[in-house]
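2 protein chains.
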Amino acid sequence: MEGKRMKDNAQIEKGTTENENGSSTMRTVETLLRILPMALCMGALVIMLKDSQTNDFGSLHYSDIGAFRYLVHASGICAGYSLLSAVAAAIPKQSTMSRAWTFFILDQLLTYMILAAAAISAEVVYLAYKGDAAITWSQACGSFGGFCRRATAAIAITFIVTLCYAGLTLISSYRLFSKYDPPVAHNNRGVEIATFHG
Amino acid sequence: MEGKRMKDNAQIEKGTTENENGSSTMRTVETLLRILPMALCMGALVIMLKDSQTNDFGSLHYSDIGAFRYLVHASGICAGYSLLSAVAAAIPKQSTMSRAWTFFILDQLLTYMILAAAAISAEVVYLAYKGDAAITWSQACGSFGGFCRRATAAIAITFIVTLCYAGLTLISSYRLFSKYDPPVAHNNRGVEIATFHG
Chain V
1 MEGKRMKDNA QIEKGTTENE NGSSTMRTVE TLLRILPMAL CMGALVIMLK
51 DSQTNDFGSL HYSDIGAFRY LVHASGICAG YSLLSAVAAA IPKQSTMSRA
101 WTFFILDQLL TYMILAAAAI SAEVVYLAYK GDAAITWSQA CGSFGGFCRR
151 ATAAIAITFI VTLCYAGLTL ISSYRLFSKY DPPVAHNNRG VEIATFHG
Chain P
1 MEGKRMKDNA QIEKGTTENE NGSSTMRTVE TLLRILPMAL CMGALVIMLK
51 DSQTNDFGSL HYSDIGAFRY LVHASGICAG YSLLSAVAAA IPKQSTMSRA
101 WTFFILDQLL TYMILAAAAI SAEVVYLAYK GDAAITWSQA CGSFGGFCRR
151 ATAAIAITFI VTLCYAGLTL ISSYRLFSKY DPPVAHNNRG VEIATFHG
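So the sequence lines, in the order shown, correspond to chains V and P. Going by full-length UniProt numbering, the letters in the first sequence line up with residues 1 to 198, in that order. Going by full-length UniProt numbering, the letters in the second sequence line up with residues 1 to 198, in that order.
By construction, these hints were calculated from the structure, which means they are not laboratory data. Wrong hints could be hidden among the right ones.
As the list makes no split between identical chains, a pair holds if one copy fits it or if it spans any two.
Unchecked claim - Distance condition first, Cα-Cα at most 25 Å in a straight line; then the derived SDA-like pairs of lysine to any residue: (1) K50 to A133; (2) K93 to D56; (3) K50 to A134; (4) K130 to L170; (5) K130 to S143; (6) K50 to T136; (7) K130 to S52; (8) K50 to G80; (9) K50 to I77; (10) K130 to A88; (11) K130 to D64; (12) K50 to S63; (13) K130 to Q108; (14) K130 to S63; (15) K50 to A39; (16) K93 to T54; (17) K130 to G142.
Since we're looking at a predicted model, the values are computed, not measured.
Chain V extracted, bound-state conformation:
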């Protein structure tokens, strides 16, 4: 990656106390975008943990299905990370390079993790509703309608969490890469002149 030189010099020149309103608005949006998935993940977690049904056909519990166990774990990790990162994002602190990279990488990983959890659980529920004649998988939702509806609700919530995280990766990408100079002109001469003449 080129243009690694940070624009700190220019920033110091500009006086960081000015025009912080925009920055604090973004910090508020970011904090909310981290608190919302936390609440949603907790909701999906509770719905999924309580999801079991027993009737004449037998008994079905969320832990019988691998994809749902993964969804529960992913939701738990996501709720915990969302809480911690919301606290970290709420603190009005000068963003360092390592802090920006940490947020960027963790946000990306969480987005991929929660998207994968939502996708595979949705696939299992789809199979449970439709069945698959070619591989003789039956329509489990015919017998376990309530179980499938609750699972669908948890998955829908998880997709909303995915959207929140897609938004968060936008913010954390911006926070990280706005510190770098654009690829073509990365010799920074202009900024150095500013330092000398400012």
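Fit chain P to the given chain V structure using the hints.
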């Protein structure tokens, strides 16, 4: 999003012909990172399209399984987009704001699409290997071993494509957001001083 003012002034000052080596290296890496997924997607597509098996237990074709049909479509779209974007990325052209946003958004969407395709297909193959006693889904891979092995190969390739695309989103995020100023100091005064004194 704050700091919308582009750093064009500073760029023009600096003389864009200098130090373009780093930029062209990144362009080469980016072009390769777009050609590689194209080849891999074509491979996964061919393996999956040819994936069928007939034996005493019956006949199984990739199109019998919804997740595999989605994988085929996603691989096709991904191969097409990779080719077009590789051509677009290879052209040494000053990156505009709309071009950077287009690459950023499409790269993100493709990453999510191909990750979801790989994840749900992996879940189906996992179920086909292991079965699920609670919802009476049988182990299809006991009878259709060759089918499952080819599907697994296609899915493994698709996961490598996902990794390539994760790298591409890094590059396209950098290209886009390095054009913006960092959040706190976004009044650009330092850059304007450079314009006057440079």
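Taking the hints in turn, this is what the structure says about them:
1. Only between protomers do K50 and A133 lie at most 25 Å apart by alpha-carbon distance; the minimum there is 20 Å, versus 30 Å within a single protomer.
2. In this assembly of identical chains, K93 and D56 lie within 25 Å of each other by CA distance neither inside one copy nor across copies; the values are 59 Å within and 68 Å between.
3. Within a single copy, K50 and A134 get their C-alpha atoms only as close as 32 Å, which misses the 25 Å cut-off; across copies the closest is 17 Å, which meets it.
4. For a Cα distance limit of 25 Å, the shortest separation of K130 from L170 qualifies neither inside one copy, at 36 Å, nor across copies, at 38 Å.
5. For a Cα distance limit of 25 Å, the shortest separation of K130 from S143 qualifies both inside one copy, at 12 Å, and across copies, at 22 Å.
6. Only between protomers do K50 and T136 lie at most 25 Å apart by alpha-carbon distance; the minimum there is 21 Å, versus 29 Å within a single protomer.
7. In the homo-oligomer, the alpha carbons of K130 and S52 lie at most 25 Å apart both inside one protomer (20 Å) and across protomers (21 Å), since each shortest distance falls under that limit.
8. Taking CA atoms no more than 25 Å apart as the test, K50 paired with G80 passes inside one copy only; the shortest distance there is 20 Å, against 44 Å between copies.
9. In the homo-oligomer, the alpha carbons of K50 and I77 lie at most 25 Å apart inside one protomer (18 Å), although the nearest pairing across protomers, at 39 Å, exceeds that limit.
10. Neither within a single protomer nor between protomers do K130 and A88 lie at most 25 Å apart by alpha-carbon distance, with minima of 44 Å and 42 Å respectively.
11. Taking the shortest Cα distances, K130 and D64 sit within 25 Å of each other both inside one copy (19 Å) and across copies (12 Å).
12. Taking the shortest alpha-carbon separations for K50 and S63, only the intra-copy value of 10 Å comes in at or below 25 Å, while the best inter-copy value is 35 Å.
13. Proximity of K130 and Q108 under a CA criterion of 25 Å is satisfied in neither setting, with 33 Å inside one chain copy and 30 Å between copies.
14. Taking the closest pair of Cα atoms, K130 and S63 come within 25 Å of each other both inside a single copy (21 Å) and across two copies (15 Å).
15. Taking CA atoms no more than 25 Å apart as the test, K50 paired with A39 passes inside one copy only; the shortest distance there is 17 Å, against 45 Å between copies.
16. Proximity of K93 to T54 under the C-alpha cut-off of 25 Å is found in neither arrangement, the shortest distances being 52 Å within a copy and 63 Å between copies.
17. Within a single copy, K130 and G142 get their C-alpha atoms as close as 9 Å, and across copies as close as 22 Å, so both meet the 25 Å cut-off.
When the structure is compared with the earlier hints, violations turn up for hints 2, 4, 10, 13, 16 and for no others.
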